[in-house]
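Turn these sequences into a full structure, and let the hints steer you where they fit.
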Amino acid sequence: MNRYFRFLADFISDVLERRDLVSRFNESAKHAYYSGNTNRLLKAHTSTGKRLYKHSMSRLRSGFRIRVMDVDVLKQPDATEMAMVILENGAFTRQLMAIGYDSLEIESGYSFYDWQMSKYQDLQKFALSNNN
Amino acid sequence: MKLIIKIARYVYHTIKRLEKKRKLNLKKETIDFDNIQQSFNNATRLHRELIVVTHPDRFTDEKQKVFATDISAQVNTNKYNYKELIKLQTIINNHLKN
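Taken in sequence, the protein lines are chains A and B. If you count by this note's numbering, then the first sequence holds residues -11 to 120, one letter each, in order. If you count by this note's numbering, then the second sequence holds residues 123 to 220, one letter each, in order.
Rather than coming from a laboratory, the hints here were simulated on the basis of the structure. Treat the hints with care, since some could be wrong.
[Unchecked claim] So the derived list for chain B, only partly shown, Cβ under 8 Å to chain A, looks like this:
#, residue
1, 132
2, 134
3, 136
4, 137
5, 156
6, 158
7, 160
8, 161
9, 162
10, 165
11, 169
By construction, the Cβ of each residue, glycine as well, lies at the ideal position given by its N, Cα and C atoms.
As structure tokens, this is what we get:
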């Protein structure tokens, strides 16, 4: 019985952590847009993700999807630039991967692009370099 | 029925405990979301500006050239980090003034 409770607690914890991260991201995006620091309104949510991009910590619904609200067609270089901001931010990407995300997806009205997180942040490599 | 009540009570207390933990963790948070948002829009533009200013070929003096090589490497490393680029910009401006 205890095992089931622990599983339930873990599940709830993950859901809360993910919800929290996504809401903080959305809040900061909204704030940046309202204050004029950025000219794109972004909204993040959790999606199904891509099975090909799985890593050892992936969970169900493993896509971190960012939706660009006010653009219909987002060009590839612009999307790549946005993705690289996240993927080059080691702390953020590692946190995303630790709570079970494995794919980063950027979409606007008619365009959709995705990236594999583990390709940019090798968790094992990070652990080894820390030990050294 | 008793079991359902037990589970519901457990879930309720777990959520409460985790929420408390989450609030504590928020204070320790290191991820700068504002920086991420600003980087989306401004980092590449600023990177382009800085890389033009600090290109080593612009300098003839050996000391300046070494500084330019070092700082342009740093600019390239922080290409997508607006906050770091701003810091580098102030360093570059101060150096060029002198």
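Here is what the structure says about each hint:
1. Interface restraint check for residue 132 (chain B): the shortest CB-CB distance to chain A comes to about 6 Å, inside 8 Å, so the restraint holds.
2. At its closest, the beta carbon of residue 134 (chain B) sits 10 Å from a beta carbon of chain A; the interface hint therefore is violated under the 8 Å criterion.
3. A distance limit of 8 Å between C-beta atoms decides the matter here; for residue 136 (chain B) the minimum to chain A is near 5 Å, and the interface restraint holds.
4. At its closest, the beta carbon of residue 137 (chain B) sits 6 Å from a beta carbon of chain A; the interface hint therefore holds under the 8 Å criterion.
5. Below 8 Å, beta-carbon pairs count as interface contacts, and residue 156 (chain B) has one with chain A at about 6 Å; its hint therefore holds.
6. Taken as an interface hint, residue 158 (chain B) checks out: its beta carbon lies about 6 Å from the nearest beta carbon of chain A, inside 8 Å.
7. Hint status for residue 160 (chain B): holds, given a least beta-carbon distance of 5 Å to chain A, under 8 Å.
8. Checking residue 161 (chain B) against chain A by beta carbon gives a least distance of about 4 Å; that is within 8 Å, so the hint holds.
9. Nearest Cβ of chain A to the Cβ of residue 162 (chain B): about 5 Å, under the 8 Å cut. The hint holds.
10. About 6 Å separates the beta-carbon of residue 165 (chain B) from the nearest beta-carbon of chain A, less than 8 Å, and the hint is met.
11. Checking residue 169 (chain B) against chain A: minimum C-beta separation of about 10 Å lies over 8 Å; hint violated.
Going down the numbered hints, you'll see the structure goes against 2, 11, while the others check out.
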